[in-house]
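Colleague: Here are the chains, one letter per residue:
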Amino acid sequence: NAGVTQTPKFRVLKTGQSMTLLCAQDMNHEYMYWYRQDPGMGLRLIHYSVGEGTTAKGEVPDGYNVSRLKKQNFLLGLESAAPSQTSVYFCASSYTGGASGSEQYFGPGTRLTVT
Amino acid sequence: GENVEQHPSTLSVQEGDSAVIKCTYSDSASNYFPWYKQELGKGPQLIIDIRSNVGEKKDQRIAVTLNKTAKHFSLHITETQPEDSAVYFCAASISGNTPLVFGKGTRLSVIA
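If you're matching them up, the sequences are chains Z and D in order.
For what it's worth, the numbering used here labels the leading residue of the first sequence as 1, then goes sequentially.
For what it's worth, the numbering used here labels the leading residue of the second sequence as 116, then goes sequentially.
A hint or two may mislead.
To give an idea of the interface, some chain Z residues facing chain D are shown, with a C-beta separation under 8 Å as derived from the structure [what the hints assert, rightly or not]: (1) 26; (2) 33; (3) 40; (4) 41; (5) 42; (6) 43; (7) 45; (8) 48; (9) 58; (10) 95; (11) 97; (12) 104; (13) 107; (14) 109.
These are calculated hints, taken from the structure and not from any lab test.
Glycine is no exception: its CB is placed at the ideal position from the N, C-alpha and C atoms.
In isolation and in its complexed conformation, chain D is listed as follows:
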């Protein structure tokens, strides 16, 4: 089955700097790659997603890139703010209605 690896497990950046989180997946049939943000004491919430027919997608300060050949995708957060501090999860789906497979998460700390 699908396996999703996520790095780094923890990341600290200064406010205003950029943060990058990387994920790799194992199954070349995967075609949907969402990113979720989990704030302390809450459930995860979708922040951005990308499909395999697109190489990059942006939403304000957040962007996701996908390299199908290398089977990896990344989350980029620019101009980080303290409210970006949270745990971020990447995920991938194999095909059809198979459930998402999540990475182990990255704890991002933005230092003011």
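In isolation and in its complexed conformation, chain Z is listed as follows:
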């Protein structure tokens, strides 16, 4: 049982380049989330999904797109990377949503640098 895995672990992009971050979970969770973590800013929600084929915007969605074509995978795309998107990105999954009290399981993170 691998839990939540993220690919890649590190990436350096030039401004304007695009890339996709992959998140996979093997716990049959319905909910999946993408966060970014910046110094002093905590965890900010980018996009989330409440089930296969669904996506919703979080607190900081601009400049990112997501897709949930399969229940176990949640992809985060950057179409035209900007230096402001330099961050550590975490994926998480949970069986149910927030107030239901379902634990979120986090991946190990992807450190992205945009030059």
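Assemble the complex: chain Z is given as a structure, and chain D must be docked to it using the hints.
Modeller: Then chain D, alone, in the frame of chain Z:
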């Protein structure tokens, strides 16, 4: 929407002392309050949580208290150990399946 404030941003304690981290939330409809611990280079991990129908919950050296009237909740770690050094995040959920809103985190350092 919900707003979660967390204090202090950094906390240093001597090994064996207690540590307290406090959070306030803005939406009185919030009813679930988890705490996550993030060790260096890793993703956050749930350590304890509490629901709005409970005032206090304990798990060994860790406890969480909730004051619904004042809209604040706190994490208490007793007999701190060096392995407690990490970043701690509080969070709150508004209702239903709305995602959690996290505080900005507290970096706890336990000095041996």
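Colleague: For each hint, tell me whether it holds in the structure or not.
Modeller: Each hint, compared with the structure:
1. 26: At about 16 Å, which exceeds the 8 Å cut-off, the nearest Cβ of chain D leaves the hint on residue 26 of chain Z violated.
2. 33: Hint holds; residue 33 of chain Z Cβ to chain D Cβ min 6 Å, cut 8 Å.
3. 40: Given a least distance of 6 Å, the restraint on residue 40 of chain Z holds.
4. 41: 6 Å, holds
5. 42: 4 Å, holds
6. 43: 4 Å, holds
7. 45: 6 Å, holds
8. 48: Since chain D brings a Cβ to about 5 Å from residue 48 of chain Z, closer than 8 Å, the hint holds.
9. 58: 7 Å, holds
10. 95: At about 11 Å, which exceeds the 8 Å cut-off, the nearest Cβ of chain D leaves the hint on residue 95 of chain Z violated.
11. 97: 3 Å, holds
12. 104: 7 Å, holds
13. 107: 5 Å, holds
14. 109: OK, holds: residue 109 of chain Z within 8 Å of chain D, min 6 Å.
The structure does not agree with the numbered hints 1, 10 stated previously, though it agrees with the rest.
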